[in-house]
Amino acid sequence: MATAAAVVAVRPIEPEQASLWSDAWRRLRRNRFALVASIYLLLLVAVALISTVWTPYRMSAVGITETYAPPTAAHLLGSDELGRDILSRLMVGAQVSLIVGVGTQILVLAVGVPIGLLAGYYRGWLDQIVTFIINVFYGIPDLLVAMILVFILGPSLRNIIIAIVATRWMDMARLVRGQAMSLREREFVEAGRAAGARPIKMLFGHILPNALGPIIVQATLGIPAAILFEAFLSFLGVGVQPPTPSWGSMANEGVMAIQYAPHMVIAPSIALSLTLMAFNFLGDGLRDALDPRSRR
Amino acid sequence: MFTRGTLIYIAQRIVLIAFTVVAVSSIVFLGIHRLPGDALLSERLRGSAYQILLHHYGLDQPLYTQYWNFVVGVVTRGDLGESLVNRGLQITPLVLRELGVSAEVGGLALLFTIGLGMVLGVFAAMRQNTWLDYLLTTTSVVGYSMPNFVIAAFLILVFGIWLDNLTGGTFYYQLGGWRGDIGQLWLPAFALGFPYASIVARLTRASMLEVIRQDYIRTARAKGLRESTIIIRHALRNALIPVITILGPLVIGIITGSVVIENFFGIPGLGKEFAQSILNRDYAIVIGVFTMYAAMVGLANLLVDLAYVVIDPRIRY
Amino acid sequence: MAAPILRVRNLRTQFSTDQGPVTAVDNVSFDLYPGESLGIVGESGSGKSVTALSILRLVPDPGRTVGGSVLFHEQDLLQVSDEEIREIRGRDIAMIFQDPQSSLNPVLRTGFQIDEAMLAHKQATPRQARTRTIELLRRVRIPAAETRVRDFPHQLSGGMRQRAMIAMGLANSPAILIADEPTTALDVTVQAQILELLGDLNRELGTAIIMITHNMGVVAGLCSRVIVMYAGQIVEQGPVDQIFDQPQHPYTWSLLRSIPRVDAVRHERLRSIEGMAPDLLHPPAGCRFHPRCPFRIEKCLTDEPRLEEIHPGQFASCWVSMDRARAEMNANNLDDISPGAASGLKPGEIIP
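Protein chains in written order, with the numbering used here: chain A, 1 to 296; chain B, 1 to 317; chain C, 1 to 352.
Simulated from the structure, these hints should not be mistaken for lab results.
One should not assume that every hint holds.
[To be verified] Chain B stretches covered by chain A per the calculated footprint, using a threshold of three residues with CB under 8 Å from any CB of chain A: (1) 67-78; (2) 96-103; (3) 274-284; (4) 288-296.
Just so you know, even glycine gets a beta-carbon here, dropped at the ideal spot from N, CA and C.
My request is simple: use the sequences and hints to build the entire structure.
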């Protein structure tokens with residue numbers, strides 16, 4: 001009898017991963033908004049990559065044309081207050097937005113996921129510390145904390161990323177912690193534990209794969225949030241410093257000239273809005289595709 | 001209205017908020033004070049004048065003494081200290097005055113967010129699966145994908161410049177400055193609230209659709225109530241319950257957004273003060289404003305919890 | 001007999017689905033007399049609840065009443081304006097529902113929800129309404145009515161909630177009270193109390209009751225007349241005593257046989273009706289009950305039977321009818337026939 005139980009225990013039945021992912025993929029492809037958003041984002045990545053080797057004009061070259069020039073055939077999006085080509089600056093700005101958006105989420109995953117897994121799986125003192133930090137900072141406006149951090153560390157792309165990660169890892173940790181806590185009670189995890197699987201293997205081999213859906217959704221929706229953060233910071237002048245162009249600082253310069261050169265604010269505003277929208281549509285699409293509640 | 005248990009709960013929450021406020025401002029205080037150099041470096045002072053200034057701000061004392069004095073000042077007198085840039089400027093009265101200004105804009109934005117969001121949400125739910133519904137649901141993603149300064153810029157372009165030119169100056173929205181005209185409040189409030197109005201609309205729609213399928217709505221109809229009474233009295237109040245949940249994040253969002261929007265429109269509120277103080281490196285004010293924000297967020301969350309009690313009789317603390 | 005207070009004629013209600021319209025109520029006609037208590041019985045999906053909802057035009061989307069008439073005081077309720085039907089709802093014809101837990105609004109005080117029924121029809125000032133509400137709550141035997149009136153629904157027990165629902169239904173002294181499975185969600189003891197209460201109200205106030213239920217026992221306890229529905233149609237109707245004594249439609253017969261009996265021989269199997277409820281999207285041709293009927297003949301597969309008066313006041317729509325089945329078969333054998341036995345029989349095997 002005991003041996004029979006053990007045999008059952010080492011072959012725990014896990015939720016069917018393969019079908020879940022292929023189902024999700026099928027649902028995602030059928031979502032037209034998510035599809036268009038993905039195409040836009042691929043194009044954006046291509047533009048950002050191209051801009052590292054080629055832009056129509058040198059991004060920081062001053063006085064290429066007259067200042068505040070409206071769009072012409074030579075300068076498709078016109079020029080700014082120093083006579084720089086806006087299209088070229090916009091292309092380089094895409095690099096900043098993508099690095100901030102994707103970079104922060106990679107770091108948020110790297111910090112939040114292990115902490116959340118360990119806190120949720122082991123509970124104990126680690127969990128208490130993590131929950132305490134999360135509770136104290138719960139509801140303290142992220143952006144303002146990030147601003148103070150940038151203020152302390154000094155404004156630079158690297159410090160902006162650090163500041164955003166420092167405020168956003170908690171949401172990820174909270175999500176993963178909750179997932180780990182509920183998954184550790186599930187039969188296949190208990191069975192694995194009973195069979196003596198090593199904790200690391202349990203965490204990364206069994207719990208993490210089953211929590212991956214919500215993590216992916218949260219990370220995807222975290223990208224536009226991070227881009228928005230950087231845009232806010234740069235718009236206020238505490239973000240990426242000149243001469244590096246950022247869509248936020250370009251919009252800020254544009255606002256100064258809004259009465260006589262509206263194209264200066266319109267171009268970065270549209271780039272920023274479209275990018276945020278694309279990530280949001282993609283994130284929404286992923287949520288609909290991966291949400292187990294809509295599966296039934 | 002509130003039972004004794006609820007009052008005890010409120011008292012506990014207030015103590016907790018006070019604790020959080022002190023904890024958060026302490027972290028900021030200690031973080032900033034570990035900065036290399038000090039805030040007075042920009043004064044380019046040397047010798048005794050510099051020493052007098054250091055002493056004036058208590059910066060010549062050890063960090064733990066400074067910190068202790070700061071905490072005691074905040075807790076006992078609500079004293080947030082003195083501006084490092086504008087000598088003699090007391091922060092507490094300044095921040096309170098600015099809070100009034102911000103509350104006016106933020107409050108209007110909040111009203112606007114909830115009002116517009118709920119009206120659109122109810123509308124979309126009532127016309128489920130019509131073009132209007134699809135339009136509203138899609139626009140809501142567009143809405144919360146637009147940074148508020150982008151919305152503000154387009155509003156200025158349309159109302160401040162194009163309409164002005166179009167009507168030969170009859171329609172005039174003054175850029176910068178404020179309080180000259182109550183009409184000037186609307187654009188900042190709209191820019192501040194619009195992204196969140198989209199979220200409220202989405203949530204209200206979903207929650208309304210859930211509620212109008214409930215049995216008690218059928219009961220209300222069987223009683224012979226008017227359709228408008230059914231929606232307002234029976235459906236809306238139940239649909240509000242999940243909507244209240246996002247009021248907390250909403251207040252935080254509006255506080256965050258106000259930092260950008262107040263700068264944009266030149267509104268002398270807390271948000272503008274915060275951003276300007278960071279640019280001026282006046283960290284005494286940064287800490288002061290931040291402490292204020294922490295307290296406001298705590299109180300807003302408490303109010304949200306109490307709103308549940310008012311709206312849903314099943315919830316008691 | 002007095003003139004009927006409600007005449008339902010050829011009522012047809014359809015639900016549109018992706019696969020086409022489903023006729024939930026198909027050509028239903030019946031009368032309700034003042035002060036009587038009429039039961040409508042059938043399994044779930046038989047159309048009994050939709051019939052009730054159709055009378056007050058409360059059928060939820062995507063349902064629509066597409067034909068027939070509901071005459072009340074010379075007015076066709078299906079034709080009157082939205083405002084007129086609203087005035088009739090709750091004032092002349094009230095309705096109470098199955099689950100008192102979900103049928104009361106959780107955020108409004110119970111008393112207010114009853115007051116509202118009167119205020120909606122301008123039957124009383126708020127003060128008068130409150131006095132009457134307390135009276136009504138006493139009438140439905142809620143203890144400490146004066147304080148209970150201020151309670152929220154979640155503070156009441158299930159039985160008390162259903163009593164409050166009944167009080168709400170009676171608020172405007174309606175001529176008709178439609179009760180849609182009012183006891184199904186309640187404990188057995190509470191069920192009995194609610195039925196007793198409804199019976200008393202019917203006798204004392206003269207309110208006509210339409211009792212929608214799947215439970216023959218409820219009908220026996222409360223009603224004087226019964227309508228049996230199957231697959232959206234009326235298959236049998238008549239006085240309760242007569243139908244319990246000698247059901248004429250095989251469906252009624254099997255329904256009655258499936259009631260568990262206290263005096264049954266021990267170990268006797270509980271009899272159920274075999275086979276599945278019909279698919280209303282593609283209803284069977286001929287008699288809709290024929291796939292499950294042990295007495296079917298050739299004709300049942302092709303021709304749709306009509307309601308015919310088999311005994312005075314008792315109508316059934318069956319080509320065979322149980323009288324004939326009894327006459328042609330040995331009564332003992334009849335009892336042994338499993339109501340689902342048709343699956344093993346060829347059509348016309350029992351009755352040539």
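### Enumerated hints in conflict with the structure, sorted upward
1, 2
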